[in-house]
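*Asks:* Now for the letters of each chain:
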Amino acid sequence: MISMAGKAIRRWWALFALPTFAAFIIGFLVPFIMGVYLSFCEFTTVTDGEFVWLKNYTKALKDPEFLHALGFSTAFTIVTTIVINVVAFAIAYMLTKAIKGSTIFRSVFFMPNLIGGIILGYIWLLLLNGVLAHWGRALTYKASYGFWGLVILVCWQQIGYMMIIYIAGLQALPTDVLEAAAVDGANGTQTMFRIIIPLMMPSITVCSFLTVTNGFKLYDQNLALTNGAPSNMSEGLALNITRTFYGRMGWEGVGQAKAVLFFILVAIIALIQNKLTTSKEVAA
Amino acid sequence: MNENKPVKHGPVWTALFTVVSLFWIFPIVLVLINSFKQKAYISKNAFSLPTGKAFVGFENYTRGVETTQFFASFGWTLLITVGSVVLILVCTSMCAWWIVRVNNWAAKLLYTLFLFNMIVPFQMVMFTLSKIADMLKLNTPWGLCIVYLGFGAGLAVFIFTGVIKGIPQELEESAMIDGASVPRIFFQIVVPIMKPSIVSVAILEAMWIWNDYLLPYLTLDLGKYKTISVAVQYLKGGYGSVDMGAMMACLVLAIIPIIVFYLVCQKYIVSGVMAGAVKG
Numbered sequence: 001m002i003s004m005a006g007k008a009i010r011r012w013w014a015l016f017a018l019p020t021f022a023a024f025i026i027g028f029l030v031p032f033i034m035g036v037y038l039s040f041c042e043f044t045t046v047t048d049g050e051f052v053w054l055k056n057y058t059k060a061l062k063d064p065e066f067l068h069a070l071g072f073s074t075a076f077t078i079v080t081t082i083v084i085n086v087v088a089f090a091i092a093y094m095l096t097k098a099i100k101g102s103t104i105f106r107s108v109f110f111m112p113n114l115i116g117g118i119i120l121g122y123i124w125l126l127l128l129n130g131v132l133a134h135w136g137r138a139l140t141y142k143a144s145y146g147f148w149g150l151v152i153l154v155c156w157q158q159i160g161y162m163m164i165i166y167i168a169g170l171q172a173l174p175t176d177v178l179e180a181a182a183v184d185g186a187n188g189t190q191t192m193f194r195i196i197i198p199l200m201m202p203s204i205t206v207c208s209f210l211t212v213t214n215g216f217k218l219y220d221q222n223l224a225l226t227n228g229a230p231s232n233m234s235e236g237l238a239l240n241i242t243r244t245f246y247g248r249m250g251w252e253g254v255g256q257a258k259a260v261l262f263f264i265l266v267a268i269i270a271l272i273q274n275k276l277t278t279s280k281e282v283a284a
Numbered sequence: 001m002n003e004n005k006p007v008k009h010g011p012v013w014t015a016l017f018t019v020v021s022l023f024w025i026f027p028i029v030l031v032l033i034n035s036f037k038q039k040a041y042i043s044k045n046a047f048s049l050p051t052g053k054a055f056v057g058f059e060n061y062t063r064g065v066e067t068t069q070f071f072a073s074f075g076w077t078l079l080i081t082v083g084s085v086v087l088i089l090v091c092t093s094m095c096a097w098w099i100v101r102v103n104n105w106a107a108k109l110l111y112t113l114f115l116f117n118m119i120v121p122f123q124m125v126m127f128t129l130s131k132i133a134d135m136l137k138l139n140t141p142w143g144l145c146i147v148y149l150g151f152g153a154g155l156a157v158f159i160f161t162g163v164i165k166g167i168p169q170e171l172e173e174s175a176m177i178d179g180a181s182v183p184r185i186f187f188q189i190v191v192p193i194m195k196p197s198i199v200s201v202a203i204l205e206a207m208w209i210w211n212d213y214l215l216p217y218l219t220l221d222l223g224k225y226k227t228i229s230v231a232v233q234y235l236k237g238g239y240g241s242v243d244m245g246a247m248m249a250c251l252v253l254a255i256i257p258i259i260v261f262y263l264v265c266q267k268y269i270v271s272g273v274m275a276g277a278v279k280g
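As given, the protein sequences belong to chains E and R, one line each in that order. For the record, in the first sequence the residue sitting at position 187 is 187 according to full-length UniProt numbering, with numbers rising by one throughout. For the record, in the second sequence the residue sitting at position 191 is 191 according to full-length UniProt numbering, with numbers rising by one throughout.
Hints should not be assumed to be uniformly reliable.
Said to hold, decoys possible - Label-pair restraints from in silico Cβ distances:
id	chain 1	residue 1	chain 2	residue 2	range
1	R	P168	E	R248	41 to 49 Å
2	R	V264	E	T74	23 to 31 Å
3	E	M201	R	T112	36 to 44 Å
4	R	K224	E	A22	19 to 27 Å
Claimed, not checked - For the chain R half of the interface with chain E, some residues (derived, Cβ under 8 Å), not all of them:
id	residue
5	R101
6	N103
7	I258
8	Y262
The hints are simulated quantities; they were obtained by calculation from the structure and are not laboratory data. Every residue, glycine too, gets a C-beta built ideally from N, C-alpha and C.
My request is simple: use the sequences and hints to build the entire structure.
*Replies:* Pasting the structure below:
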C-alpha cells in the first residue's frame with residue numbers, strides 16, 4: 001500500500017533519487033558489471049577484451065604468489081581478530097569501571113584509528129626498524145618480521161575502535177541481571193563467562209566480523225610497511241591483486257579474476273555475519 | 001554498569017593504564033622527535049634524541065614541504081573530503097527518504113543494490129572504475145567527489161534509511177495537507193530530525209575519504225593533484241633511498257590536523273563509530 005505522501009514524493013524521483021543513482025551507476029554498477037565480464041577476458045584496457053572463458057581463473061588459482069597471499073591474509077586475519085577482540089574487550093571492561101582518568105585513556109586508545117593506513121605504515125616502519133636495528137636487521141629481512149610487524153600495527157590501530165563498540169555494549173547491559181548474580185553469590189569468573197559474555201554476543205559478533213573483513217581487505221598498511229618485501233612473501237590478498245593489475249604486464253585479466261574471487265570471499269563472510277546477527281536478534 | 005562503585009585497587013589500574021597509554025602514543029612521539037633529526041641519524045638510531053649535530057631544527061619540514069608540495073596536497077585532500085562529504089550527505093539523505101517513503105519496486109531494487117554495494121571490496125572495481133573515471137574526465141578533485149558519491153553511497157543510504165524508517169509519517173502528511181511542497185517538507189521537517197545521524201555519517205565518510213589512498217591514487221590525474229596519502233607514498237618513490245627526514249616531517253604534518261580534528265569533535269566521532277558498526 002502506498003501512502004498519500006508517498007505518491008506525491010514519487011513524482012520527485014528526478015530530484016531525490018536520480019543524482020545518487022546516476023553517480024552509483026558510474027562509480028559502482030558499471031565498473032562492477034564490467035569487472036565481472038572482464039574477469040573472463042584477456043585485456044590490457046577496458047575496451048579490448050577478448051573472451052577466454054575460465055582461463056584467468058585457472059591461472060589465478062595456479063599462481064603460487066596468489067595462494068601464498070591467501071594464506072598470509074588468512075593467518076593474519078585469524079591472529080588479529082583474536083588479539084584485537086580479546087584485548088579490546090578487556091580494556092573496555094576495565095574502562096567502564098570507575099577508574100580515574102578512564103575518559104582520557106579511551107581517547108588515547110582510539111586515536112590511531114583516525115590516521116590513514118599509509119601514514120600508520122610509515123610511523124611503524126620507523127619504530128620497528130629502529131628496534132630491529134639493535135640486531136642489525138630490518139623489517140624486510142624475513143617475511144615473518146613483516147607479518148608480525150603488520151599484526152602489531154593493526155592491533156595498535158583497531159583495538160581502540162573495537163573498544164568503543166564494546167564499551168557501548170557493556171554500558172547497555174541490564175544492571176538487574178548483574179545485581180541478581182551478585183546476590184546469588186556468583187564470583188567474578190562466573191559473572192564474566194556465564195552472564196556478561198553471553199549478553200555481549202551481539203557486540204562480539206559485530207567486532208569479530210569487522211576485524212575479519214578489515215584483515216582481508218588490508219592494503220594501505222601492507223603497502224607502506226613492507227610492500228610485500230622480501231620478494232612478495234609478506235603480501236596480503238589486496239596487495240597481491242593490485243600488483244597483478246598494475247605490476248605484471250598482460251596479467252590484467254588474471255588480476256580481475258582474483259578480484260572476483262576476493263569479492264566472493266568477502267561476500268561470504270558478510271552473509272555469514274548477516275545470518276548470525278539476525279538469528280541472534282530473533283533469539284534475544 | 002557499576003560506574004559509581006569504586007574498583008578494587010583503583011590507583012593500581014590507573015597507573016597501569018597510564019603506562020599503557022604512554023606506550024600507545026609513543027610511536028607518534030617518536031616520529032615527532034625524529035622529524036627534528038638529520039636524516040642520517042634517523043636510520044642509525046631512531047631512539048636517540050635530536051641533540052648536538054643530529055639536531056636540524058625545521059630543515060626537514062622545509063624540505064619535506066617543498067618536495068611533496070605538502071600544502072597543495074593538503075588543500076586538495078581538504079577539498080575532496082569536504083566536497084565529497086557534502087555531496088554524499090545531501091544526495092544520499094534525499095535518496096534514502098525517497099526510498100523509504102515511496103517503497104515501490106523501484107525503491108526496493110535501489111535499496112537492494114545499495115546494500116550489495118556495501119559488501120563489494122574496492123579491488124573488485126578498481127581497474128574498471130579508474131578507466132571509466134578517466135574516460136568521463138572525472139580525474140579531477142571535483143570529479144572524484146562524484147566517484148566517492150557513487151562508490152560510497154551504500155553505507156550512507158543504509159544508515160539513513162534505518163533512521164527514516166523510525167520517523168513517523170504523520171508529520172510529513174499534515175505538512176502536505178497544509179500545502180508544503182515536497183522539497184520543503186524534506187529540508188524543513190525531515191532533515192532537522194535526521195541531524196544526529198547526518199553528523200555520524202559525515203564523520204564516518206570524512207574519516208574514510210581523508211585517509212583513502214588507492215582510489216585517489218588510481219583515479220586522480222597525479223601530475224596535477226595529489227592527496228596527502230598519495231604525496232607521502234610518493235616520497236618513497238621508485239629506486240632511490242627514502243629521505244627519512246622529509247618523511248618524518250610530512251608524517252607529523254599529516255597527523256597534526258587529524259589530532260586537532262579529534263580533540264574538537266571527539267563526541268561526534270564516537271557516535272560515528274557506533275553508526276558504522278552496522279557495516280559488514
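*Asks:* Would you mind marking each hint as holding or not holding in the structure?
*Replies:* Here's how the hints hold up against the structure:
Checked against the given bound of 41 to 49 Å, the beta carbons of R/P168 and E/R248, roughly 57 Å apart, lie outside it. Here the CB-CB span from R/V264 to E/T74 is close to 40 Å, at odds with the stated 23 to 31 Å. The beta-carbon spacing between E/M201 and R/T112, approximately 28 Å, falls outside the hinted interval of 36 to 44 Å. A hinted range of 19 to 27 Å holds for the C-beta pair R/K224 and E/A22, which are about 25 Å apart.
Hint on R/R101 holds. Least Cβ distance to chain E is approximately 5 Å, under the 8 Å limit. Annotation: R/N103 was flagged as interfacial toward chain E, and the flag holds, the nearest CB pair being 6 Å apart, inside 8 Å. Interface hint at R/I258: satisfied, since its Cβ lies 5 Å from the closest Cβ of chain E, which is below the 8 Å cut-off. Restraint check, R/Y262 versus chain E: the minimum CB separation of about 5 Å is within 8 Å; hint holds.
Violation of the numbered hints given earlier is confined to hints 1, 2 and 3; the remaining hints are satisfied by the structure.
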